[in-house]
Structures are given as C-alpha cells and as structure tokens.
Amino acid sequence: MDEVFLQASVNGILLSLLLILFALGLSLVFGIMRIINFAHGEIYMLGGFGIWVFSAQHHVNYLLAIVLTMAAVALIGIIIERFFLKPFRGKLLSGLIVSVALILILQTSTALGFGFQDKAVPTAPGFEGVISVLGATLSRERVFFIIIAAVLVLLLHLFLQRTKPGKAMRATAQEPDGAALLGIKVDRTCSMAMGIGCALAAAAGCLTGTMFYVNSFIGAPWLMKGLAAIVLGGLGSIPGTIAGGFIIGITESYGSTYIGADFSLTLIFLVLLLVLIIRPRGLFGLPFRQ
Amino acid sequence: MLSRTNPTIIVVLVAIAILFLVPTGMTSNPYHLLVLTNICIYIIAVSGFRLVATAGQLSMAHSAFMGIGAYTSALLVTKLGWNFWYCLLLAGMVPAILAVGLGRITLRLRGIYFAIATFAFALVIWKGWNTFFADVVGRVTDIPPPNRIGGWEFSSVTSYYYLALVLMLVTMLVMYRLDRSRFGLILRCMASNDALSGSVGMNIMGYQIAAFAIGSFFAGMAGAVHVHWLRLMEPNMFSFTAMLYIILYAVVGGMKSFMGPLYGCFFFIGLPQFLKYIPNYDPKVEPVIFGSILLLTVRFMPGGISALLQRISEVIKGLHRRKVKEYAAT
Amino acid sequence: MPLLELKGLTKRFGGLVAVDDVHLDVTEGEILGIIGPNGAGKTTLFNVISGLYKPTRGRVIFKGKDITGLRPDQIARRGAVRTFQSLSLWQDLSVMDSMRAACHMVSGVGFFGTFFDTSPTRRNERAVAEKAMEILRFVGMDQLKDQVAETCSLGWQKTLSLAIGLASRPSLLLLDEPVTGLAPERVTAIMSLIGRVREQGTTVVIIEHNMRAIFGICDRLAVLDYGIKIAEGSPSEIRENEDVIAAYSGVRKGVS
Numbered sequence: 001m002d003e004v005f006l007q008a009s010v011n012g013i014l015l016s017l018l019l020i021l022f023a024l025g026l027s028l029v030f031g032i033m034r035i036i037n038f039a040h041g042e043i044y045m046l047g048g049f050g051i052w053v054f055s056a057q058h059h060v061n062y063l064l065a066i067v068l069t070m071a072a073v074a075l076i077g078i079i080i081e082r083f084f085l086k087p088f089r090g091k092l093l094s095g096l097i098v099s100v101a102l103i104l105i106l107q108t109s110t111a112l113g114f115g116f117q118d119k120a121v122p123t124a125p126g127f128e129g130v131i132s133v134l135g136a137t138l139s140r141e142r143v144f145f146i147i148i149a150a151v152l153v154l155l156l157h158l159f160l161q162r163t164k165p166g167k168a169m170r171a172t173a174q175e176p177d178g179a180a181l182l183g184i185k186v187d188r189t190c191s192m193a194m195g196i197g198c199a200l201a202a203a204a205g206c207l208t209g210t211m212f213y214v215n216s217f218i219g220a221p222w223l224m225k226g227l228a229a230i231v232l233g234g235l236g237s238i239p240g241t242i243a244g245g246f247i248i249g250i251t252e253s254y255g256s257t258y259i260g261a262d263f264s265l266t267l268i269f270l271v272l273l274l275v276l277i278i279r280p281r282g283l284f285g286l287p288f289r290q
Numbered sequence: 291m292l293s294r295t296n297p298t299i300i301v302v303l304v305a306i307a308i309l310f311l312v313p314t315g316m317t318s319n320p321y322h323l324l325v326l327t328n329i330c331i332y333i334i335a336v337s338g339f340r341l342v343a344t345a346g347q348l349s350m351a352h353s354a355f356m357g358i359g360a361y362t363s364a365l366l367v368t369k370l371g372w373n374f375w376y377c378l379l380l381a382g383m384v385p386a387i388l389a390v391g392l393g394r395i396t397l398r399l400r401g402i403y404f405a406i407a408t409f410a411f412a413l414v415i416w417k418g419w420n421t422f423f424a425d426v427v428g429r430v431t432d433i434p435p436p437n438r439i440g441g442w443e444f445s446s447v448t449s450y451y452y453l454a455l456v457l458m459l460v461t462m463l464v465m466y467r468l469d470r471s472r473f474g475l476i477l478r479c480m481a482s483n484d485a486l487s488g489s490v491g492m493n494i495m496g497y498q499i500a501a502f503a504i505g506s507f508f509a510g511m512a513g514a515v516h517v518h519w520l521r522l523m524e525p526n527m528f529s530f531t532a533m534l535y536i537i538l539y540a541v542v543g544g545m546k547s548f549m550g551p552l553y554g555c556f557f558f559i560g561l562p563q564f565l566k567y568i569p570n571y572d573p574k575v576e577p578v579i580f581g582s583i584l585l586l587t588v589r590f591m592p593g594g595i596s597a598l599l600q601r602i603s604e605v606i607k608g609l610h611r612r613k614v615k616e617y618a619a620t
Numbered sequence: 621m622p623l624l625e626l627k628g629l630t631k632r633f634g635g636l637v638a639v640d641d642v643h644l645d646v647t648e649g650e651i652l653g654i655i656g657p658n659g660a661g662k663t664t665l666f667n668v669i670s671g672l673y674k675p676t677r678g679r680v681i682f683k684g685k686d687i688t689g690l691r692p693d694q695i696a697r698r699g700a701v702r703t704f705q706s707l708s709l710w711q712d713l714s715v716m717d718s719m720r721a722a723c724h725m726v727s728g729v730g731f732f733g734t735f736f737d738t739s740p741t742r743r744n745e746r747a748v749a750e751k752a753m754e755i756l757r758f759v760g761m762d763q764l765k766d767q768v769a770e771t772c773s774l775g776w777q778k779t780l781s782l783a784i785g786l787a788s789r790p791s792l793l794l795l796d797e798p799v800t801g802l803a804p805e806r807v808t809a810i811m812s813l814i815g816r817v818r819e820q821g822t823t824v825v826i827i828e829h830n831m832r833a834i835f836g837i838c839d840r841l842a843v844l845d846y847g848i849k850i851a852e853g854s855p856s857e858i859r860e861n862e863d864v865i866a867a868y869s870g871v872r873k874g875v876s
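Residue numbers (this note's numbering), protein chains in the order written: chain A, 1 to 290; chain V, 291 to 620; chain H, 621 to 876.
The reader is advised that the hints may include incorrect statements.
[What the hints assert, rightly or not] EDC-like cross-link-like pairs, simulated, lysine to aspartate or glutamate; straight-line CA separation at most 20 Å:
(1) V:546 <-> H:625
(2) H:674 <-> H:625
(3) A:91 <-> H:712
(4) V:574 <-> A:141
(5) H:674 <-> V:484
(6) V:607 <-> H:766
None of these hints come from the bench; they were simulated from the model.
One chain only, chain A, in its complex shape (with noise of 0.2 Å):
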C-alpha cells in the first residue's frame, strides 16, 4: 500500500479520535447545561501542560501522568462549572461571554506561570520508535496514542450506557425538569458532565502536547475545530459528534498531507459555515425549531 497514504489514513484515524475527545467534552456540556464552553480550548491545553509538568518536568510515570493531568484538569472544570457555569446553565449568550472571560484569564496565568516559549514533552519510553503496519513505516507513539484515545471513548460509550450515573447524564441531557423530579441531582450531574468532558479534553490535549510542542495558545484552532465537529454532527448528540469528528479528521489529515495544511483547516471552517447555512442541524442533530 502506498506510504504516504496509510500515513496519512493512520494520522487521520489518530487526529479524528483525539478531536472526538475534545468535542465530546463540548457535547456532553452543551447537552446537559445547555452552554457552549468556548473556553474548552484552553481545557485542552491545561491538559497539555499538565503532561509537561508531570512528565517532563517531574519524571512522573507517563500513563500515570495522563491519568493525573486529567484528574487535576477536571477538578479545575468542576470549579470553573460550580461558580461561572451554574448560574448560567440555558444561557447560551451569557455562557459565550463567561468562556471569553475565561479565555482571557486562563491563556495569560499559564503564560505567565510556565513562560511563553514552547514546551516539548518527550516521547514516554517503550514508545519510541517506529514499527512496520502492512509494509509502512509507522510512529509506534502515534499507534499507542490510537488505542489510548480510542479507550477512553469506548470507556465513556460504556459509561453513558451501562452506568447509573451514566444513564442519569443522558436523562438529563434529555429532559431536565423530568430527570429532576425522578430523584437525579441535577447539580452533580453537571458538575460530573464538565469534570469528564474537561478530563477527556485534557487528555486529547496531552496526547496532541508529546507529539507536537505545548504553549498557551494552542488551544484556539482545537476550538474551532471542535466546533466543527459538534456542528457537523448535531449539537447534543454523541453520535453525531463522533461521527463529525471523524469527517474532520480525516479531511484534515488528507487534506494536509496531500494539498496543504492552511488550505485543509480553512476548507474545515468553510464547512462549518456551509453546514450552518444548508442544514443547521447537522446530520444527527434535532429538527430546529423554525
């Protein structure tokens, strides 16, 4: 099979399934508190320096740095949720005003905590290296990366189905007033939503900061492509994110490998924009209301 495409396929299956770690956590807060988190970049790339810090830095195990960065990273989504999010849960316009605040806030004070160069996080060891797939080359860090991300979205499918609290989430997500009144603690599931959805944000962010480099502004293009997703997909479904999310990646991978890397991320916000225009719903979304 030709190299450079089962690259570039291999890429897009890794650059889709972390972008679906990403959007699901903007799903699953637009789902439950009905707010789009425009500050979910910056999430994302807590979870960036959160590996640098565990690992780089403190020489911490890798996959147990991973499961700390998203272990910190969510409890500072559920404070964040608790006193900026909570009094505006409906409000999508107050919510978008909260998360320029937040953007504002969260860019510098790591700018200024960790500096403004870019931070590299070396490969974890046992990740090195390449290993032959189907006659190609490929970064056996970037496999490893696959299966990891793709985990964790098979432990959150198994979450929200077989769960209680899981299926509680989805309830809600679905009728809140109804959920309610059958016992479901509305407050903690809201604050269960955001703390997952950062803690796979803030994986997404770790994974994408070892492979690339991490500063406080990667988080804006990942915005805006997770925007994409969940626009593409439907706002509020999970399937519908997961599948936007693949479409993206994958246009983003081929389109980067094979005719440019600005003109593919520009070809994804035309979509976006096309998606709004034709069909604002998406494809698994539900019918708007006129």
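Once you have looked at the hints, place chains V and H on chain A.
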C-alpha cells in the same frame, strides 16, 4: 426650577468641551493624546458591536470586519492613491455590504448559531489573511496621513486626535438617535420576543440585517481610522484577541445603553494608565484582571457600568425628591 | 366568501403529525372556538396559519388570497394577527412601549423612516401614542401604562397580550388561550372585551381550555384531537357529540 433634561445636557456639553480642550490643557503630553485617540477609535468599533447586540445577536465577525475595512482603506490609499475621505466611507461600506450578504444567510439562525456562523466566517477571513491573501495584502506600510481638508492637515498627533474625537462624537450621536427611534424600539422587541414582534408586523429579517449592516459599517470605519493613525497594517491586528476585547468592552460598559461602549473603552483602555503606578506592576497580567472583571460583571452586575450609573442616578434622584418633599412640608 | 379558509392543512415534524388534513372555514364576523385535549395540535394550527411554520401540505386562504408560506409579519400586515399562550409579551418593555411597538403596522412609518427622529416621524409617534392610549382605555389598562410588563399580574398580562393583538385593528384575531389560568371575574372581563371586539368588526378565533368561557361566547366550535378535526358545530351540538366526549375522556373510537 431645572427641568429633568437640563442637567444632563450641561454635563454632556462640559464633557465634550473638556475633550476638545485636552490638547491645549495641562495634559498636553502627546502620550495621553495617543491613549485618548485609541479610546475614541474603539468606542466607534464597540458601538457598532453593541448595536448588533441590541438586536439580540453577538457578531463574532466584528473584529474581522474592522480588518476588512482597514485593508480596504489602506490598500486603496497606498496602491491606488485615492483620497482618504472616500476610502474611509468605503471602509465602512464594504463590511456593511458583506454583512448584508452574510446576514441573509445566517440571521435565520438564532442566538448561539449566529455567533458560531459569524465566528466561522471570521476564521475563514483570518486564515485567508495569513495564507492566501498574504501576498496580496500582507503588511501594508507607509500609509500616508489623511488628505487635507481646506486648511486642516492630519499628520500630527493632535490633529489626528481631533479627527478621531469628531468621528467618535458623530458615532455616539448616531447611536443615541437610533436608540431613541422606532428602530431602537424594534430592535429591543426583536431581542425580547421575536415571534411576537413578527406577529405585529415587524419584518424581523429586514431589521436584523439592517442592524448587522450598520454595526459592521462602524467596525470597518473604526478599522480604517486605526490603521491610518498607526500608518501601518498587519494581518493580525484585528483577529481573535481583538474580538475578545471588543466583547469585554461592550459587556462591562453595558449593552443596554448607547453610552456603554464609551464607559467600557474608557475603563479598560484608561485603567492600565493608572495601574502603571503600582510598584512591580507587570502589564502582562492585564488579561487576567480584565477577565476577572468580566466574570464579576456578568455574575453580579450584568447591566455593566451604564446600569450601575443609572441605578446611582436613580438613588440620587430619590434622595433629591425626598429632600424636596421635606422642604415642601415644612 | 369565508374570511379564512383552511384547505387540507397538514404539518409533520419528522415522524410526528401535529396537524392532519384540517379543513375549516371561518365566516366574517363570527367568534369561532377551537378546543381539544392537550397536544391536539391547536397551537400548531395557529402557528401554520400565522406563518410561523410552513405547512407540510395544504393551503391557507385569507380574504380570498393564498397566504400559505408567507412570513408572519406579511400575514399580520394583511390583517390577521395572533396572540401567544405563553411568552406572549415583551417582558422588559413597559405597557406603553409594548403598545407603541404593537402599533407598528399603523405607525405610518416606512422601513427607512424608523431610523430617524425627524418632525414627520415625531408627528407619527404622537399619533401612535394616541392610538395606543385608546386601546389601553378600551381594555382598561390606561392607568398601568408605565408599568413594566413582567411586573404586571397574570390577569393584566393576558389583557396586555390581547391589547397588543388589537393594536392594528385586524380583520382576524387569533387568540391562543386568552384566559387560561385566570380567576373567574377576570375571565368574564376579558370575554366581554372579546365580545366588544367582535362588535367593532373583528372576526375572532379562540383556542381555550376554559369550557365555560368558550361555550359562553362562541358562535361555533371546532374540535381537534391528535391533529384531526373530529367535530364542528354549535356549542350545544358539540356538547352532545360522542366523539368529542370520547376524546376528552381519553377513549379512542374503535379501540377497545
């Protein structure tokens, strides 16, 4: 007995007089004029944003429109040698026309979807400036000062300050009149309950497009005034960060009143001038401070500075009325 | 010629049929009531007539002209105005400002005139203010003109909603639950207002759950259930109609 409007008019006239006299007064330090010029420019831009917000829509394309206006004017003046004053008008018209087109396709979408759609549009524009159009546009340098009008030149700090000041006052006057007109009432109705507004015969799409176009006109004009002041333009001057700050100035200043943008811009552009005097102050901390102020405002004082001032004036009027009653009773 | 004709109106949302092949004529000068159990599609029917929704099938003919698919403001300008059952006001506007807004169509100001504050527009605005006060006096709310809408009691809010509908002196007024949730005295007051509205030449169609109010004032009734018109006739006919009784008691005809 002073009628209710007189004190306000006197205060306004005095304030305008002070603004005109600044260059000749004690603060003839040119640096202060630069700060004030910057404030005036942003008041124009943020006023446009606030107008669109009054209709219930947050235009995330606002800073991109500033950039489009800036490029329009900068390129026409440097590459084609056109007269600045016509270019200034065009700098407003081009974004307005684009807004009509963009509005027709996106204003059907409510609230957050309109914000995302304008955001996507802005992303395409910002990416374009940095990539495809970089050869066409890129950095524009050596922008000449505005052409003379009669005996007036505009190449000095002071004269450009007057230009910005006059444009700002014109903008504020326009916003004031729009707010008080039927158009202002219609916008407030649409933001409050658009279904009801339609059912009493208001052409929702038409008025929203109008608000979007007018707001974007002021964005473009502000962008042009900005780059002709700096005499240079770069693609990243009007991008995502600028958009965040426009939202910041508008929200904290107060979205309900036409004075909001003025308060917001004076507060956030003026404040750092005073913070400088704190020992060991690092201006890089500003975004954190500003972000925190924004959070506190949205949470505890959503009407912003203009709402706060209105409440204060109501309290004062209440006390005054009580005093009058007491005197009358004695 | 009937003032309003609904020809085979159908509205689907995905798989759900909210309004199913409804034929209905409204005669000029009558008060027609539309009743039916919750979820029967009554408000959806109003939404289709007033242009908020486009029907999946069927047509709406008003004053002999096809208005299907027109925008709500276009339909309003032709003389068909509707009110809303909830979210029926501009909550943060004062009563007077609400009425000024409601008089939009009769303000005499064109699209571009709205932007300015010149003497012709100021004269128009004075005329508008007078028209607004006239209506407020008609409904008995002239003392409340400076009160903010959301601070009014439910009874006055419903009255304001009616006043907003009347502002443009429409030929056809579609009232969606004008008295639901109100105390009996208030209900009587508003129903008598509606009677006077009809006397002044406006045709009225009312959706209501308050049976006593509806049976008291309507000339005719139409009954919807699951989106289908199951009965039509005078109040006494409807009262005896078996299908109507079955619909309200939850028993579907033909299902044991």
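Hint check against the structure, violated hint numbers in rising order: As far as the earlier hints go, 1, 4 are violated by this structure, in ascending order.
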